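In order, the protein sequences belong to chains A and B.
Note that the working numbering has the first sequence beginning at 1, numbered continuously upward.
Note that the working numbering has the second sequence beginning at 1, numbered continuously upward.
Don't read these hints as lab results, they were simulated from the structure.
Be a bit skeptical, because a hint or two may be false.
[Unchecked claim] Distance condition first, Cα-Cα at most 20 Å in a straight line; then the derived EDC-like pairs of lysine to aspartate or glutamate:
#  : chain 1 : residue 1 : chain 2 : residue 2
1  : A       : K195      : A       : E284
2  : B       : K57       : A       : E284
3  : A       : K84       : A       : E115
4  : B       : K57       : A       : E11
5  : B       : K83       : A       : E118
6  : A       : K252      : A       : D218
7  : B       : K58       : A       : D218
8  : A       : K255      : B       : E64
9  : B       : K33       : A       : E284
10 : A       : K277      : A       : D218
11 : A       : K252      : A       : E284
12 : A       : K3        : A       : E188
13 : B       : K57       : A       : D6
14 : A       : K258      : A       : E284
15 : B       : K33       : B       : D10
16 : A       : K37       : B       : D61
17 : B       : K58       : A       : E10
[What the hints assert, rightly or not] Quick list of simulated restraints, FRET-style, between CB atoms:
#  : chain 1 : residue 1 : chain 2 : residue 2 : range
18 : B       : L8        : A       : G243      : 55 to 61 Å
19 : B       : N43       : A       : P162      : 47 to 53 Å
20 : A       : K3        : B       : K40       : 40 to 46 Å
21 : B       : P12       : A       : G36       : 21 to 27 Å
Because the structure is a prediction, the values reported are computed rather than measured.
For each residue, glycine too, the CB sits at the ideal point set by N, CA and C.
Here is how the chains run, residue by residue.
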Amino acid sequence: MIKLQDITEEELLYGSLACAGCGGIIALRMALKVLGKNTVLVLPAGCLMATCGFFPQMAVNVPLVSTAFPSTPSTVSGLVAGLKVKGKEDITVLGVAGDGGTADIGLQALSGSVERGENFVYICYDNEAYMNTGGQRSSETPYGAWTTTTPVGRNKMWEDKPKKDLLRILAAHNIPYAARTSISHPREYMDSVRKAKETKGPAVIHVLAPCPSGWGTDTSKTVELARLAVETGIWEMAEYENGKYKVTKIIKNRKPVKEYIKAQGRYRHLPDEEIEKMQKQVDEYWKAMS
Amino acid sequence: MGFIPNKLSDLPAGAAFEGGHPTTHTGNWRIFKPVLNKDKCRNCLLCWIFCPEAVIKKGSDNVEITYDFCKGCGICANECPTKAIEMVKEG
């Protein structure tokens, strides 16, 4: 496991215009610390592009390619092919997209790139809605959450579907390396980025990156909430490597789900029986996994 | 690190240009300012790794906070295991 003392001081992401306490920026900064300067970054039209790459601003210190929403993995494939022809195969091509750009709009392109077996690293930072446009629901929005397209009023139309399981979708492609991890565990996260870099072939990392403005929380709670999600068992940290699905962080005494739910504004409307239902689902999931 | 352009001619030109080019001192967004108590700091580097803006620098005995780009989100103060960082109101 990587030690914090050994991680480079070189900052490749500096001076972004993201909201204070942005989880996506933390995820990208940590990833760039591991991947280093020899990287090409591909960003679709998401929060990261809007806060790091608006002309004349350019907050990242590596080459950055801006692309359309559904085609991050396709652009990554093209760059990998181009660099191969040029004989520069030591350069890592990194695609970073949010949950909407990965699990909804970019899913078929990601599926294609993974199936073709291109050599790239892809990070999906999951803030559980389309936060750049004000918070519309995505397929990664969890059960019970408020978003602008699942409003809570008289009709109680909160999100009524569970999250899409990206890791198992990727596992079904028999991907060489895929991981589900969280920004609250930097050593584990950075270790999976290192593994992804060393993997010959596609490697996808799904990382939980809370969004203070979209989740209705204080800016200082970003990392704490990501940690709570892991400790309550809502967010399972797992890896898929060499054909095996492995839970990387087994929490012995799980905290009550209520603690995580009550800390966020987007769950404020949720009645206690719904929270109990969620607790039951989490308990059943972990029982099935062990 | 980086520079803030003052003149039009300092701005990059064209569709492709060099990176590491911040344009705004995001430090003036700040309402609360993190202040480090050097005696309590154990140099565990948790604040350094969690800082979204990379404003905390590694030092030999304790970390160091720079304020040009600090948005005052308070993650460092929240994550510090020894509570060495305190959020103080600006002004």
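Handout entry: In rising order, the numbers of the hints this structure does not comply with
Key = 1, 2, 5, 6, 7, 8, 9, 10, 15, 16, 19, 20
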